[in-house]
Amino acid sequence: GEDVEQSLFLSVREGDSSVINCTYTDSSSTYLYWYKQEPGAGLQLLTYIFSNMDMKQDQRLTVLLNKKDKHLSLRIADTQTGDSAIYFCAELNRDDKIIFGKGTRLHILP
Amino acid sequence: NAGVTQTPKFQVLKTGQSMTLQCAQDMNHEYMSWYRQDPGMGLRLIHYSVGAGITDQGEVPNGYNVSRSTTEDFPLRLLSAAPSQTSVYFCASSYSSETGGAQYFGPGTRLLVL
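These protein sequence lines are chains A and B, in that order.
Just so we're aligned, residue 1 is where the first sequence starts under the working numbering, counting upward by one.
Just so we're aligned, residue 1 is where the second sequence starts under the working numbering, counting upward by one.
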């Protein structure tokens with residue numbers, strides 16, 4: 001079946017770069033997304049990438065897509081305490097459904 | 001724009017009771033969906049709608065009903081609540097199921113079934 005996998009936890013020092021990784025199984029995915037969820041809140045779309053792109057940069061965020069390996073990553077430069085949250089990877093699959101990973105909890109060390 | 005709104009924010013039910021979780025959006029989005037979020041399970045799609053009058057089942061539809069009589073509203077009904085339905089429920093909307101654009105989420109409804 002279709003699946004989106006990501007590690008559950010990542011710990012990074014403030015000021016360093018955070019890299020959150022994700023793998024997916026549906027080679028027909030058209031869009032891939034990164035969402036951020038802060039405590040007690042809903043999910044907020046951070047960025048997305050179309051499947052024919054390799055990279056997308058938006059201020060401190062860089063998304064890399066390796067379609068051959070079905071690997072997606074989110075890099076957050078100069079990580080701040082406000083970046084502490086759960087980050088969800090998601091794909092738009094061949095049935096036009098968005099499939100979410102279980103989320104990676106980013107913890108910022110002082 | 002208010003975006004996606006959900007009511008209530010919190011609810012406690014007894015087993016067997018029914019209730020409706022409300023969801024509304026004022027962005028004229030065609031696509032709306034309901035998810036539940038459980039610890040260690042991520043987000044799971046319950047039902048979704050690609051437009052007024054059209055609904056379809058997601059990954060975990062059992063025990064839930066939906067309807068989409070207007071573009072703006074997409075209520076989720078629990079027919080006979082069970083403890084397994086204790087969860088946080090999120091409603092989301094987007095312009096189209098095929099868009100690469102934003103899927104906007106509501107703030108969530110926290111449901112406890114005793």
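Don't read these hints as lab results, they were simulated from the structure.
Treat the hints with care, since some could be wrong.
[As the list claims (entries may be wrong)] Straight-line alpha carbon distances no greater than 20 Å define the calculated SDA-like cross-link-like pairs of lysine to any residue that follow:
no., chain 1, residue 1, chain 2, residue 2
1, A, LYS97, B, VAL60
2, A, LYS102, A, GLY15
3, A, LYS97, B, GLY53
4, A, LYS102, B, ALA82
5, A, LYS97, B, GLU30
6, A, LYS97, A, ASP26
7, A, LYS97, B, GLN11
8, B, LYS14, B, ALA82
9, A, LYS102, B, THR20
10, A, LYS97, B, ILE54
Each hint, compared with the structure:
no. : hint               : in the structure
1   : A/LYS97 x B/VAL60  : holds, 13 Å
2   : A/LYS102 x A/GLY15 : violated, 26 Å
3   : A/LYS97 x B/GLY53  : holds, 18 Å
4   : A/LYS102 x B/ALA82 : violated, 24 Å
5   : A/LYS97 x B/GLU30  : holds, 14 Å
6   : A/LYS97 x A/ASP26  : holds, 11 Å
7   : A/LYS97 x B/GLN11  : violated, 28 Å
8   : B/LYS14 x B/ALA82  : holds, 8 Å
9   : A/LYS102 x B/THR20 : violated, 26 Å
10  : A/LYS97 x B/ILE54  : holds, 15 Å
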